[in-house]
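Engineer: Dock chain B against the given chain A, drawing on the hints supplied.
Chain residues, written in single-letter form:
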Amino acid sequence: MNALGNELLVILPEMVLVAAGLVALVWAQFLKERAAGPVAGLAAAGAALALLSLLLVPDGTGPVLFGAVKADGFSLFVRAVLYAGALVVVLGGAGYVRKFQVPVGEFYCLLLLAIAGGGFMAQAANLLTFYVGLELLSLASYAMAGLRLDDPDSNEAALKYFFNGAVSSAVLLFGLSWLFGLTGTLSLAELGPALAASGAHPALLVMAVTLVIGGLGFKMAAVPFHLWVPDVYQGAPTPVTAFLSVGSKGAALAALLRLFYEGMGPLADRWTVYFAILAAVTMTWGNVSALLQRNIKRMMGYSSIAQAGYLLVGLAAGSDHGVWAAVFYLLAYTFTNLGAFTVIMAVRSAGGGLDLDSFSGLARRSPFLAGALLVFFLSLIGFPFTAGFFGKLNLIGAAVNSGLVWLAVLTAINSVISVGYYYGVVRNMYLREPGADLPAVSLEGSARLATAVALVMTLAVGILPQFVSWAQAASLLP
Amino acid sequence: MSLQVVAFAVLAALILYGSYKVVASPLITHSALFLALVLVSVAGVFLMLDAVFLAVVQVLVYAGAVMAVIIFAIMLSEQREIGGDPSAQRMGFGEELRRALRSRHWGLLPAAAAALLAVLAIAGIGRLGAPAAPGAASTSVADVGRALLTDYLVPFEIASAVLLAAVIGAIVLTAREGSDARDGGRS
Numbered sequence: 001m002n003a004l005g006n007e008l009l010v011i012l013p014e015m016v017l018v019a020a021g022l023v024a025l026v027w028a029q030f031l032k033e034r035a036a037g038p039v040a041g042l043a044a045a046g047a048a049l050a051l052l053s054l055l056l057v058p059d060g061t062g063p064v065l066f067g068a069v070k071a072d073g074f075s076l077f078v079r080a081v082l083y084a085g086a087l088v089v090v091l092g093g094a095g096y097v098r099k100f101q102v103p104v105g106e107f108y109c110l111l112l113l114a115i116a117g118g119g120f121m122a123q124a125a126n127l128l129t130f131y132v133g134l135e136l137l138s139l140a141s142y143a144m145a146g147l148r149l150d151d152p153d154s155n156e157a158a159l160k161y162f163f164n165g166a167v168s169s170a171v172l173l174f175g176l177s178w179l180f181g182l183t184g185t186l187s188l189a190e191l192g193p194a195l196a197a198s199g200a201h202p203a204l205l206v207m208a209v210t211l212v213i214g215g216l217g218f219k220m221a222a223v224p225f226h227l228w229v230p231d232v233y234q235g236a237p238t239p240v241t242a243f244l245s246v247g248s249k250g251a252a253l254a255a256l257l258r259l260f261y262e263g264m265g266p267l268a269d270r271w272t273v274y275f276a277i278l279a280a281v282t283m284t285w286g287n288v289s290a291l292l293q294r295n296i297k298r299m300m301g302y303s304s305i306a307q308a309g310y311l312l313v314g315l316a317a318g319s320d321h322g323v324w325a326a327v328f329y330l331l332a333y334t335f336t337n338l339g340a341f342t343v344i345m346a347v348r349s350a351g352g353g354l355d356l357d358s359f360s361g362l363a364r365r366s367p368f369l370a371g372a373l374l375v376f377f378l379s380l381i382g383f384p385f386t387a388g389f390f391g392k393l394n395l396i397g398a399a400v401n402s403g404l405v406w407l408a409v410l411t412a413i414n415s416v417i418s419v420g421y422y423y424g425v426v427r428n429m430y431l432r433e434p435g436a437d438l439p440a441v442s443l444e445g446s447a448r449l450a451t452a453v454a455l456v457m458t459l460a461v462g463i464l465p466q467f468v469s470w471a472q473a474a475s476l477l478p
Numbered sequence: 001m002s003l004q005v006v007a008f009a010v011l012a013a014l015i016l017y018g019s020y021k022v023v024a025s026p027l028i029t030h031s032a033l034f035l036a037l038v039l040v041s042v043a044g045v046f047l048m049l050d051a052v053f054l055a056v057v058q059v060l061v062y063a064g065a066v067m068a069v070i071i072f073a074i075m076l077s078e079q080r081e082i083g084g085d086p087s088a089q090r091m092g093f094g095e096e097l098r099r100a101l102r103s104r105h106w107g108l109l110p111a112a113a114a115a116l117l118a119v120l121a122i123a124g125i126g127r128l129g130a131p132a133a134p135g136a137a138s139t140s141v142a143d144v145g146r147a148l149l150t151d152y153l154v155p156f157e158i159a160s161a162v163l164l165a166a167v168i169g170a171i172v173l174t175a176r177e178g179s180d181a182r183d184g185g186r187s
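In the order they appear, the protein sequences are chains A and B.
Counting in our numbering, the final residue of the first sequence is number 478, and the numbers go up one at a time with none missing.
Counting in our numbering, the final residue of the second sequence is number 187, and the numbers go up one at a time with none missing.
Isolated chain A (complex conformation) (with noise of 0.2 Å):
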C-alpha cells in the first residue's frame, strides 16, 4: 500500500492539474459574471502548484504504476517546462478572457485539462498512456479553440481543428497498433529489442512510422501536416493560440522523443533521415510564408511553424546531445513565444487589431510592452544574450556532431530569413508614428507579471549556464 502510494506521487502533479480544473469548473458556475478574476487566481494557483509538485516525486528511471509511466530526468524537465508555460498563459490571458467573454470555468478548466494530458504524455511508458494523454489534449484543445462562441471566425478555428485532428489520431493509432502487432508489446523499453528481433520486412516499419510520424507531426505543427495552423491560430481566442503555439507542440516533442530516441534507438539509423528532412522542409517553409502575412496572429503561427522545424533538428540529430538541445529550445521557446503572446494578448485587450499596423508607435504607446516584445523577438530569431541563442546553437552542434552540416548551415539560413519578419513589427513599433485612433496600452497586473516572468527567462536562459546542465540531465538514457 505504501509502496503503491509512493508510485502515485509520480503522478501527482497531473492529478493537482485535474482536480483544480473540476474546482474551476463547478466554482465559476456560481460565481457567474464575477468569475473571470477569481477562477483565474485558481487556474494560476493549480498550475504553481503542479509546478512546485514536480519537487515531491520520487526520483528514478524504471517504470511506474503497472509500467505506465516514468519520473526520469525527462519527464521532470518537460513537465516543469510545461506547467510554467501554463502558468504564463493563465496569467497573460486573464485579461483577454475577461474582455472578449470566454466562457470562464470551460476554458480554465479545459486548459487544466490539456496540460495535463501533456504531462502524461511526457512521462509515458508505453503506448497506451501516450496516446490516452494525446486524446486528452487533443479534445480540451479542439472545444478551447472554438469558446469565443458568438464569433465564426472561433467556430470556424474549432471545427477545423477537430476534423483535421480527428484524422490525424486515427492515422496516428494505426501507426501505433501496426507497432503493437509488430513487437507485441505496449512498452517503450521493449518495442527496441522486440522490433530488432522481430525480423519484420522493413516496409511494415516503414508504414508503421510513416503513419506515427504523421500523426504527431500534425500536433507539432510540421510540413506538410501543418495546413490546419494559420486558420485555427487565427480564429482561436489568443490564449488558446498561445497554448497550441507552446503546450501541443512540447507535448507532442517530448512524445516523439520518447518513441522514437527511447523506443526505437537502435533504428536511430532508419528514422533519423525522416526526421531531417521533415525539419528542412519545415522550417523553410514556415518562415518564407511568415514573410507574406499581415495578421500578427498568422504571422506567429507560421513563425511556431518554423520553430518546430528547428525543435525537429534535435531528433534527426539522434543522438543523446540532439536530446537535451531539443528539450533545452523547448525550454526556450516556451517562455520566448508566450512572451509575444502576452504582449499580442495586452495590444488586442487593449482594444487594438491584430494586423501589423495595430502595432505602429507602440514604442509611444508603450515602451516595455515595445521593449519586451522587441527582446522576444530577438530570442525567436536566436540573437546572442537571449534564451533562443543558446538554444539554437546546442541545436545546430548536435546536427554538425551526427554529420548534418546541411542542416546546420540551413538552420542558421532560417535564422537570417526570420529576421524579415520579425523586422515588419518591430520597424512598426519604434520607427512609425501611432495612428491616431490607436488606443494606449495599460497592462492590467496578471499581465504585467506574465510578461516579466517571460522576459526573465528569456534572459536568464540566455546567460546563465545552469539551465543548460538542467537539460543536459534529462537525458533519455537510463
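Because the hints were derived from the structure by calculation, they are not lab data.
Ideal Cβ placement from N, Cα and C applies to all residues, glycine included.
Fair warning: there could be bad hints in the mix.
Unchecked claim - Chain A stretches covered by chain B per the calculated footprint, using a threshold of three residues with CB under 8 Å from any CB of chain B: (1) 58-72; (2) 100-113; (3) 116-122; (4) 135-141; (5) 191-197; (6) 399-405.
As the list claims (entries may be wrong) - DEER-style ranges, computed between Cβ atoms: (7) A:Val400 <-> B:Leu97: 47 to 57 Å; (8) A:Ala460 <-> B:Ser77: 48 to 58 Å; (9) A:Val400 <-> B:Ser19: 24 to 34 Å; (10) A:Gly420 <-> B:Leu97: 19 to 29 Å; (11) A:Ser187 <-> B:Ala123: 41 to 51 Å.
Structural biologist: Relative to the frame of chain A, chain B by itself:
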C-alpha cells in the same frame, strides 16, 4: 481454405462495404444504419479472436446504445438539415464510386494511397509468417476487469478525464444561446 479464412473474408468485406457507404450515402439515416453494420461486423472479428466479452460489449454499447443516440440526434434535427440530394439516392454503386473517384476533391489520391498501403502491408506480412495461435484460455470478464484496475489503471483513469473534457467541450460549444438560455432551460 479453412472456415476461419472464409468467415474473416466475409466480415472484412462487410466492414469495408459498410464503411464506404457510411461516408458515401446521400442520406444520413442510411449512413447511420451502415455504421451499425460496421460495428456488428467488428464484433464478429472480436469473436473470431476469442474475445467474447469485447464482442458482447461492442454490440451492446456501440451497435446498441451509441447507435440509438445517433439515430435520436438525426431524428431531432430539422428535415432540411438532414435531407440529401434526392437525385443521388437512385445512383447505383458503380456510378457512385466512379463519381467519388473523379470528383474535384481529388478522390483518386486517397484511393491510390490506400492501395499503396494495402500492397505494402500484404508484401510485408507475407514475409512475417503466420502469427502465433492465441492462448487456449479465452479472456473472461474477470480478466478484463482485473487488467483495467491493475495493468491499465493509469490509462483507464486518464480515459475518464478524456471523456470529461469531451463532455464539457460538447456542452459549451453546442449551448448556442449563452448562459441566459441555459438558466431558462431549468424551469
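Engineer: Examine the region 399-405 of chain A for residues whose CB is less than 8 Å from any CB of chain B, and state whether their number is three or more.
Structural biologist: violated (count 0)
Engineer: Test coverage of the region 100-113 of chain A by chain B using CB-CB distances below 8 Å; three residues minimum.
Structural biologist: Holds, because 5 residues of the region 100-113 of chain A bring their Cβ atoms closer than 8 Å to Cβ atoms of chain B.
Engineer: Within 19 to 29 Å or not, the Cβ separation of Gly420 (chain A) and Leu97 (chain B)?
Structural biologist: violated (48 Å)
Engineer: With respect to the beta-carbon atoms only, verify the hint that Val400 (chain A) and Ser19 (chain B) lie 24 to 34 Å apart.
Structural biologist: Given about 48 Å between the Cβ atoms, the range is violated.
Engineer: Between the region 116-122 of chain A and chain B, are there enough contacts, at least three residues with CB-CB distance under 8 Å, for the coverage claim to hold?
Structural biologist: With 3 residues close enough to chain B, the hint holds.
Engineer: Would you check chain B against the region 135-141 of chain A, counting CB to CB pairs closer than 8 Å, and say if three or more residues qualify?
Structural biologist: With 4 residues closer than 8 Å to chain B, the region 135-141 of chain A meets the three-residue bar; holds.
Engineer: Using the Cβ atoms, figure out if Val400 (chain A) sits within 47 to 57 Å of Leu97 (chain B).
Structural biologist: holds (52 Å)
Engineer: Look at the Cβ atoms of Ala460 (chain A) and Ser77 (chain B) and judge whether their distance stays inside 48 to 58 Å.
Structural biologist: Because 55 Å falls inside the window, the suggested range holds.
Engineer: Examine the region 58-72 of chain A: at least three residues should have C-beta closer than 8 Å to a C-beta of chain B.
Structural biologist: With 5 residues closer than 8 Å to chain B, the region 58-72 of chain A meets the three-residue bar; holds.
Engineer: Cβ-Cβ distance between Ser187 (chain A) and Ala123 (chain B): within 41 to 51 Å?
Structural biologist: Check failed, 28 Å falls outside 41 to 51 Å.
Engineer: Examine the region 191-197 of chain A: at least three residues should have C-beta closer than 8 Å to a C-beta of chain B.
Structural biologist: Three-residue rule not met by the region 191-197 of chain A, so violated; n is 0.
Comparing the model with each earlier hint shows violations of hints 5, 6, 9, 10 and 11; every other hint is respected.
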